[in-house]
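**Q** Now for the letters of each chain:
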Amino acid sequence: MREMSFYGTALPGIELEAYAGKLIVIEGPDGVGRSTHIALLRAWLESQGHAVLDTGMSRSVLAGRGIKEAKQGHTLGGLTMQLFYATDFADRLENEMLPALRAGFVVLTDRYIYSSIARAVVRGADAGWIRAIYGIALVPDAIFYLRIRSAEELGPRVLQAGRRFDYWESGMDLHNAGDYYESFVGYQKLMLREFDRMSGEYGFRVVDASRPVRRVASDLRRAVGRLVDEVETTNAVELTSHSTAERKSQNSVSGRAPQAGEQTLSRGETKGTG
Amino acid sequence: MISYGKHRFPGQLFIVEGTDGSGKSTQLALLHQWLKAEGYPVFFSEWNSSPLVKDTTRRAKKRRLFTPATFSLLHATDFADRTERDIIPPLKAGAIVLADRYIYTAFARDVARGCDREWVREIYRFAVRPTVAFFFRAPLDVAIDRIVSGRPELKYYEAGMDMLWDDDPEESFKIFQGKILEEYDRMVTEFNLTVIDATRSIERQQREMRSIVSRHLKEKAGSR
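In the order they appear, the protein sequences are chains W and B.
With this note's numbering, the residue at position 271 of the first sequence is 271, and numbering never jumps.
With this note's numbering, the residue at position 195 of the second sequence is 195, and numbering never jumps.
This is chain W alone, in the form it adopts within the complex (with noise of 0.2 Å):
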C-alpha cells in the first residue's frame, strides 16, 4: 500500500487514502512504441496473475468522442485543445485509474500529464499554467520515459506502424515552413526537448528505445517485475496485520515501508539505464 501523493492541489472531494495498486507511465514521443510495449507488458502481467488496466489520451467517456472530433476539423485552437486533453485526463483518472488502483490493480498509462505539458508549452502555453491544471494528477509509482536519439529517427516508425503523418503530430496547427514530414521533424525535435527537461523535474526513468523492441521489451519487463513485486509483498505484510489492527492504523504502518524500499529501486534504475 502506498499513500495517494498529488503534484499539486487534489480533485475535489478526493478522500486521501493508501491504494493497493501501482500506476506505470509509460511516456515517449509519437511513434517510439509505447503503445507495443504496453501490449507486451500488459500480456505479461496478467500471465503473472496481475490484473491490468490500459487508459491512454482521450479514452474517456466523458471527453474522448468530442476531442476526436473536434481534431477533424483542424480548427482545435491551443487553449482549447490542452483544456480539453485536461477534461479527458481528470475523467479518466477519477473514473478508471484511482478506483483500479484501491482495487488493486496495475494500471499501465500510454503518456501521463508530461505529453500534455510538453505540447501545451511547445504551443506557447505558460509552463507553470499547464503545470498547475495538472496539479490534480496523482504522482505514478514509476515513469518509464522511452526516449529517442533523434526526431529523424520517428518517421520511419510512424510508417512501419502503417501510418500516415498526422496533422497535429506533425505540429500543423504551428504553421512551421515546410511540408509535413518537416513540419512533423521539427516538432518532434521541440517535443524531445521538452521531455528531457521535464526527466530531471519528475524522475522519468529513461529507457534507450533506439534498441531493438526485444531489447526495450525486456528492461522494462524487469523494471515492472521489481515493481509489482512490491505490490506482493505490501499486500502480504497487509494480510498478517489485518486481523489485529484497525483498518486505518493499518493502513498507514504499511503505506510507508514500501515507499522508502521503492526510492531506493528507483534510484539504482536511474543509475543503470540513464
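Source of the hints: derived by calculation from the structure; they are not laboratory data.
Treat the hints loosely; a few may be bogus.
What the hints assert, rightly or not - In silico SDA-like links for lysine to any residue, alpha-carbon gap of 25 Å or less:
1. B:K6 with B:F191
2. B:K220 with B:P89
3. W:K71 with B:L140
4. B:K54 with B:R121
5. B:K61 with W:R59
6. W:K68 with B:D86
7. W:K68 with B:K62
8. W:K68 with B:L65
9. B:K92 with W:N176
10. W:K68 with B:D55
11. W:K189 with B:M1
We have chain W; now place chain B onto it with these hints.
**A** Then chain B, alone, in the frame of chain W:
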C-alpha cells in the same frame, strides 16, 4: 501565453455576471440594442456556446458524467474556445464584445462545488480582463423566486443535485445559489466588479449601465 490583465486590444469588453434570475441577460440585451443603434460594431458571446464542446457538455449533462473537476475543466475548455474565436479576434478588430457570464461564473460555481479557489483561478489565467464587469446583485430570495416560478423544473446540475446537499431539487438549488452568491460577494473587491442593484427597476439599471459604458467609450475615443 498572455495572461489576465495584460491584454491590450483596441476593442472593449463588457460582461455581465450574477446569480440565475438576477436579470443580467435582459440588461445585456438592452445594452446590445442601444450600442447597435448608436452604430458601434458589437459582438455578442454567451456562456457555454462553443460549437466544439457543445455536444460533449450536452451528453455529459444528460448522462450525469460530471464530477466537480471535470465540470470545471470542460467549462474552461468551452471558454477557451470562445476566447480564441469570439473574444480576442473581435477585440483586435476594435469591436465591442458583450459577454453574458464570464470567468466569475466559473469561479463562483466551481468553488461552490468544492474546487480549490486558487486552482480554478489559475485555469482561467488566459482570459482577457473585461473593461467593465457588471455584477447584478439580487438578494437570494428574489433571485430564487424569479427562477422557481418561471420554470417548470430545475435541471440536475443547475440545482447542484450532484453535490447531494438535499434530495429536494428546490432546496438543493437554494443551498447552491447561496454558496454562489457568497463567492460573488468575495469577488467584488478581488476583481473590482461593478455592482448593480438588481432589485431596482429595469429602466434604472439600464440607465446606470449605459452611463458607465458610454464613459468608457468616450475615454477610448478621446485617447485616439
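**Q** Are the hints correct? Go through all of them and say.
**A** Taking the hints in turn, this is what the structure says about them:
This hinted pair checks out: B:K6 and B:F191 have alpha carbons roughly 14 Å apart, not beyond 25 Å. This hinted pair checks out: B:K220 and B:P89 have alpha carbons roughly 18 Å apart, not beyond 25 Å. Straight-line distance between C-alpha atoms of W:K71 and B:L140 comes to about 42 Å, which puts the hinted pair past the 25 Å bound. Distance hint between B:K54 and B:R121 is fulfilled; the C-alpha atoms sit about 23 Å from each other, no more than 25 Å.
Between B:K61 and W:R59, the direct Cα distance comes to roughly 19 Å. Compliance with the 25 Å bound is thereby established for this hinted pair. Annotation: proposed proximity of W:K68 to B:D86 holds, straight-line Cα distance about 22 Å (limit 25 Å). Distance hint between W:K68 and B:K62 is fulfilled; the C-alpha atoms sit about 20 Å from each other, no more than 25 Å. For the suggested pair W:K68 and B:L65, the alpha carbons sit about 18 Å apart, so the restraint of at most 25 Å is met.
Restraint check for B:K92 and W:N176: the C-alpha separation of about 23 Å stays at or below 25 Å, so the hint holds. Restraint check: the Cα-Cα separation between W:K68 and B:D55 comes to about 12 Å, which is no more than 25 Å; the hinted pair holds. A distance of roughly 21 Å separates the Cα atoms of W:K189 and B:M1; the hinted pair therefore holds under the 25 Å criterion.
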